[in-house]
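**Q** Protein sequences appear in the order of chains A and B. Numbers 296 to 764, taken from my numbering, label the letters of the first sequence in order. Numbers 296 to 764, taken from my numbering, label the letters of the second sequence in order.
Hints are computed from structural coordinates only; laboratory data are not their basis. A hint or two may mislead.
Because identical chains share one entry, a pair is satisfied inside a single copy or across any pair of copies.
Stated by the list, open to error - Each computed DSS-like pair below joins lysine-lysine, with the alpha-carbon atoms no more than 25 angstroms apart:
1) K363 with K397
2) K348 with K394
3) K394 with K334
4) K703 with K375
5) K499 with K513
Number of protein chains: 2
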Amino acid sequence: MFKNMNFKLFHKYLIHDFKRKISQLSINSILQSTSVGDKINAKGWIRSLRKQKENVFIDISDGSTNQKLQIIVGSKLVPKNLTTGASISTSGVVQLSPKGQKEINAQEISIYGDCIVTDGYPFAPRKEYTSEYIRQHLHFRPRTNKFSSLLRIRSSAQCHFHNYLTSQGYVNIHTPILTSNDCEGAGEIFQVIPDNEKLIKSMKKEGQSPEEAFFNGKTFLSVSGQLHLESAAHALTKVYNLGPIFRAENSRSRLHLAEFYMLEAEIAFLENLEDLVVCVEDLVQNVTKMLLDSNESDIMNLNKENKRDFSWMDKKFVVLTYEEAENILIKEGKEYNPIDSISKENELFLVKHCGNIPVFVINWPKNIKPFYMKECPGDNTKVQALDLLVPDVGEVVGGSLRENDFNKLVGNIPNDSDELKWYFDLRKFGGVPTCGYGLGFERYLLFVTGITNIKDVIPFPRWPHNCSM
Amino acid sequence: MFKNMNFKLFHKYLIHDFKRKISQLSINSILQSTSVGDKINAKGWIRSLRKQKENVFIDISDGSTNQKLQIIVGSKLVPKNLTTGASISTSGVVQLSPKGQKEINAQEISIYGDCIVTDGYPFAPRKEYTSEYIRQHLHFRPRTNKFSSLLRIRSSAQCHFHNYLTSQGYVNIHTPILTSNDCEGAGEIFQVIPDNEKLIKSMKKEGQSPEEAFFNGKTFLSVSGQLHLESAAHALTKVYNLGPIFRAENSRSRLHLAEFYMLEAEIAFLENLEDLVVCVEDLVQNVTKMLLDSNESDIMNLNKENKRDFSWMDKKFVVLTYEEAENILIKEGKEYNPIDSISKENELFLVKHCGNIPVFVINWPKNIKPFYMKECPGDNTKVQALDLLVPDVGEVVGGSLRENDFNKLVGNIPNDSDELKWYFDLRKFGGVPTCGYGLGFERYLLFVTGITNIKDVIPFPRWPHNCSM
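Whole structure, please, built from the sequences with the hints as guidance.
**A** Shown next, in the form of structure tokens:
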């Protein structure tokens, strides 16, 4: 085991008596894999409590499932201060309730931490709260039934995106959060500088402003990893990232955050918008199937009132050209102004109009889309771009073929931009056709959960005037 | 299919003739799953080129594997400008080379984009470059053989961390990048403000500084998601995140970046440091096994010269108390000053001294560790903390039990901190014992790949005076 070394000195430090497995069972494991008669220990937080003469019935949860575990304990064994919200450890025997569900006949119970509402705990037992109220207590929000379901769904969804794309041969590339490029920004960006003024002074070179001192230039938070992904796609063919993105917009709509997550993918050698449509449709359908499979009970838990309709999962999505979409809006008498493009209201109308199936809108006017999008063959007023609109949310994915002709691309930029020289280089040396898309991760979660406010599908929402914790 | 709607209008927009599968085969698939005689198309970038009288031998790669695909094409079919670095499409028949490897006998070949070194391409054929030189061309770096192996390894490693922790019942929680808390910072933090001065003016309330306008308070880039993870662990028991972390430090060492990735995990109801040691050991061993399984050829590719020794994967890691570590350093005559704690040099010495097996150092002096760590039972000068030191890199994981006694925790903070009231609340209401750790993702990659500079294991490194692209 130890070659070429003084073994004697160290064997005493090797700990041989560690338990190799943490023996603590989660409530999910207790409900799934224990047998009647098993003696077990369970730990969790009290979600509800009913006192009867002889016994107390306690429902506990530990976040491993949205199901609760019922503990039955003799009144005499119950410690003081046993209230909803308290954390306990209990040992007992697995038995079946009259309804056939596993429960624990407790032989002992102890409190880790009590939870006294009158001390300032914001959630009283048996009360329902609005999501606005719950959002004011972000640090306690994971303790609420619905939000813990959302967190498990979000966790599974991100894992499924990674696994699905990996299975399709994509390489995950962490695009930078800090960047010296401000390409899509149009002013809606955050700037980053060290907080320490002494540090800035010590690093500042002659002629530099304080903002430029640390990185030798102004530095921003990324608004998109696309351009960086493109550089990787020019070597690895299929690449993606799922990471945070930032926008300094003073928008408080139910669909906007200052910090949110985006799944971005870039694919080399794909030359047709139809192929990109298939990529996006396959992604959304496959990941949603994986999610319904892994988290059905959490999704049902969020949909007790409004059952989501997932029949779109097995259908081809609708594809409209931008012109076709325009014609529908005009024909149906919707307020539509070409200069403003398609409003949120009109997005939602189009989806409803097409039978609540996700709708691709393709071939967009060039003048409202970014410089890197590729023109439609035979129509230089349009670009080969797509938006995917989904029920209740509207746009959830945006993508396009990228202009891979060096001269055309450079011509699309009004001023000679030194900042983007590296991006033009990708076309100059070993250039290939590429395309890609960005999927708003939170918007996707709104779509599959039926939750209406984006602040309620991210653990720690940041929006104008709000960055608590 | 379309319930309750005007079906006729839309059936023409449903595209029925999309190919349901993108037919393009990756080079990995060609090498793995085609048969001799198959007619196929391959696309990729030329990595090398040998011209003979009758034929030209071309090696291409597309990033799907570190293996190259050999194309044999008659000299007459070869287009002009066929050079290393150019991107091509080729069609032909799969055959076996004299050595028994699959290759393509090409019937046609076309260039997507040429790659002329004299136009400014920084990599000439058949030349070796230092990693410092390659790093000056970040946008082309994924095209180099070794770095593309690294990117595939990095991608797999992140996926394995997600899957391993998910399999162990952990819930992924995206901790915020933007935060109003500056807890561990000690000045080494970045501040964030909108770049748009008009926006700041329009949002600024009376008495606020410009930095406070957007979020109603000064806002920073996160230096750790631990405290936020703790709030989720107090409901979901086992939580983690793998995300970017920022430090505004003027350090250019081979082990520091301004933006890097950290895997952080928090676990409720674990009360012994031994259990945390087991968690970390299991994580590192299991993920590394998964990685060797998925990316053996890439790891070998990076280790042609220096073969990594992975025998530690099946061994228990060494555990030293801080005191034992001190005694070894003193006995071995190393320069050691208790005030400076254990230097990088001494970390590396300890690991070598213990047979190049990863070494846990546990039970650290309280005065050099953060306020939230839990004291050792019976010794209030020590805390139940661990560092994991690994060969060639030193510290790769740091963790501890967290102080869960409300009064003790509050007592550890010199000034009454309103900012952390939410954190104290976790102990006041339904508090439980928790512990957790942070693993430096890039340092882990250095450890398993044998690469020596942290700038060479992240796609877009940011460090003082460097934030290009």
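**Q** So, for every hint listed, does it hold in this structure?
**A** Hint-by-hint comparison with the structure:
1. K363 with K397: within (10 angstroms within a copy, 57 angstroms between copies)
2. K348 with K394: within (21 angstroms within a copy, 84 angstroms between copies)
3. K394 with K334: within (21 angstroms within a copy, 62 angstroms between copies)
4. K703 with K375: between (76 angstroms within a copy, 23 angstroms between copies)
5. K499 with K513: For K499 and K513, the Cα distance is within 25 angstroms both inside one copy (12 angstroms) and across copies (23 angstroms).
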